[in-house]
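Listed below are the residues making up each chain.
Protein chains: 2
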Amino acid sequence: MEIPERRRGGRRPTAEVRDAALSAAAELLFDCGIEQVTHDRVATRAGVSKTTVYKWWPTAGALAAEAYLLRSEPLLELPDSGDFAEDLLIQMQRFVALVTEPPASRAIRGILAAAQTDDTAREAFLQGYVIPRRDLTERAFRRAQHGGQVRANADFSAFIDQLWGACYYRLLVEPSAVTAEYGEALVRQSLTGIAQ
Amino acid sequence: MEIPERRRGGRRPTAEVRDAALSAAAELLFDCGIEQVTHDRVATRAGVSKTTVYKWWPTAGALAAEAYLLRSEPLLELPDSGDFAEDLLIQMQRFVALVTEPPASRAIRGILAAAQTDDTAREAFLQGYVIPRRDLTERAFRRAQHGGQVRANADFSAFIDQLWGACYYRLLVEPSAVTAEYGEALVRQSLTGIAQ
Numbered sequence: 001m002e003i004p005e006r007r008r009g010g011r012r013p014t015a016e017v018r019d020a021a022l023s024a025a026a027e028l029l030f031d032c033g034i035e036q037v038t039h040d041r042v043a044t045r046a047g048v049s050k051t052t053v054y055k056w057w058p059t060a061g062a063l064a065a066e067a068y069l070l071r072s073e074p075l076l077e078l079p080d081s082g083d084f085a086e087d088l089l090i091q092m093q094r095f096v097a098l099v100t101e102p103p104a105s106r107a108i109r110g111i112l113a114a115a116q117t118d119d120t121a122r123e124a125f126l127q128g129y130v131i132p133r134r135d136l137t138e139r140a141f142r143r144a145q146h147g148g149q150v151r152a153n154a155d156f157s158a159f160i161d162q163l164w165g166a167c168y169y170r171l172l173v174e175p176s177a178v179t180a181e182y183g184e185a186l187v188r189q190s191l192t193g194i195a196q
Numbered sequence: 001m002e003i004p005e006r007r008r009g010g011r012r013p014t015a016e017v018r019d020a021a022l023s024a025a026a027e028l029l030f031d032c033g034i035e036q037v038t039h040d041r042v043a044t045r046a047g048v049s050k051t052t053v054y055k056w057w058p059t060a061g062a063l064a065a066e067a068y069l070l071r072s073e074p075l076l077e078l079p080d081s082g083d084f085a086e087d088l089l090i091q092m093q094r095f096v097a098l099v100t101e102p103p104a105s106r107a108i109r110g111i112l113a114a115a116q117t118d119d120t121a122r123e124a125f126l127q128g129y130v131i132p133r134r135d136l137t138e139r140a141f142r143r144a145q146h147g148g149q150v151r152a153n154a155d156f157s158a159f160i161d162q163l164w165g166a167c168y169y170r171l172l173v174e175p176s177a178v179t180a181e182y183g184e185a186l187v188r189q190s191l192t193g194i195a196q
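Sequence order for the protein chains is A and B. Residue numbering for the first sequence follows my numbering, beginning at 1 and increasing consecutively. Residue numbering for the second sequence follows my numbering, beginning at 1 and increasing consecutively.
Chain A on its own, in the form it takes in the complex (with noise of 0.2 Å):
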């Protein structure tokens, strides 16, 4: 019989440390803001060595993309109905809720503000987070094209930013005005245009 990880010498599996370490860091993430993502932090609040922390996430800036990706990914799924304007709808219905939220929100600003003046924190959001999205977003993308509900010839990293890069710019300037009745105006109008 195999002795359980754990058991050996006391040390924790390394995928519950590193779930700790994520789950640490998205709890400062979303409760205190990207200020409080240290590596510091996490290590204390989480119980796993700071050498550990540094190992996986060689910046802060990794580590807050990977905790955001962690906490929004459930919520963002995109369906998988058959419909794909159906599923886009009830997509960014969820996603409206979620970054409207005030954790959230202050989450993603502040992710999207230290990109800013970072360029490592920039890279780490881009890899951790924006393509990880993309990619999943764009199987869905692809077998709407393939089923013949989106033209062959469509953008799709121009629809992308359309929809949720749209949403984002908004957040950022009038957050206010990020309601779901626009986010439904942008799935309408960016599967149908405006041109007469």
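FYI, nobody ran anything at the bench for these hints, they're computed from the structure. Computed from a predicted structure; not experimentally measured. Keep in mind that the hints are not guaranteed to be accurate.
To be verified - A few chain B positions that, by computed beta-carbon distances, are all more than 10 Å from chain A:
#: 1; residue: G10
#: 2; residue: C32
#: 3; residue: R41
#: 4; residue: L70
#: 5; residue: L76
#: 6; residue: D87
#: 7; residue: R94
#: 8; residue: R139
#: 9; residue: G148
Unchecked claim - Ranges between beta-carbon positions, derived for each pair:
#: 10; chain 1: A; residue 1: R151; chain 2: B; residue 2: R94; range: 21 to 29 Å
#: 11; chain 1: B; residue 1: L89; chain 2: A; residue 2: C32; range: 42 to 50 Å
#: 12; chain 1: B; residue 1: T38; chain 2: A; residue 2: R94; range: 35 to 43 Å
#: 13; chain 1: A; residue 1: C32; chain 2: B; residue 2: R139; range: 37 to 45 Å
#: 14; chain 1: A; residue 1: T192; chain 2: B; residue 2: L70; range: 34 to 42 Å
#: 15; chain 1: A; residue 1: R11; chain 2: B; residue 2: A177; range: 52 to 60 Å
Said to hold, decoys possible - If you want the footprint, here are the derived chain B segments under chain A, 3+ residues with CB under 8 Å:
#: 16; stretch: 11-21
#: 17; stretch: 102-112
#: 18; stretch: 117-125
#: 19; stretch: 151-160
#: 20; stretch: 189-195
Built from N, CA and C at the ideal position, the CB exists for glycine as well.
Based on these hints, arrange chain B on the given structure of chain A.
Just chain B, lined up with the frame of chain A:
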């Protein structure tokens, strides 16, 4: 004969003082970054009194927003050829050229970052830049709508964010992806949508 205003007690005309202060603020913003746009530095550089600078722009954010508008406005005018799509393509080309130049990129990214930690800076940017630019664009949009080039039920707020908002967002997370081709895709897709 009227004595020119300048001669009376050696004071410069109000408009000239205002222009000097704004030009100084724009130089600081574009050349050095938003953290250099302070009432003190602007007053010294423009040769005007600090009290005057404070009177017109109560916060550094207000000063930065109007300075950004002053510098970018002449470059961002929407042409009026009668062909809305064509006008947007031309404007978007100029917009991408502007925001990808290092000084303007630093200026706008700095403003958007500052707006996330300082609510007066956000409000100043909204009132001093976002809303004035939105109003200018809305006139062109309504003309196109009346002329039958834009659908009667098109949503203007969603539309502007799907063009310029999308672009700003991408500039914040992945500046290298903001290219002329990307800008063109945004325009075409905001007009026609992606649905089959």
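Outcome of the hint check:
no. : hint                          : in the structure
1   : G10                           : holds (42 Å)
2   : C32                           : holds (14 Å)
3   : R41                           : holds (19 Å)
4   : L70                           : holds (18 Å)
5   : L76                           : holds (16 Å)
6   : D87                           : holds (13 Å)
7   : R94                           : holds (18 Å)
8   : R139                          : holds (16 Å)
9   : G148                          : violated (6 Å)
10  : R151/A with R94/B: 21 to 29 Å : holds (27 Å)
11  : L89/B with C32/A: 42 to 50 Å  : holds (45 Å)
12  : T38/B with R94/A: 35 to 43 Å  : holds (42 Å)
13  : C32/A with R139/B: 37 to 45 Å : holds (44 Å)
14  : T192/A with L70/B: 34 to 42 Å : holds (37 Å)
15  : R11/A with A177/B: 52 to 60 Å : violated (42 Å)
16  : 11-21                         : violated (count 0)
17  : 102-112                       : holds (count 3)
18  : 117-125                       : holds (count 3)
19  : 151-160                       : holds (count 6)
20  : 189-195                       : holds (count 7)
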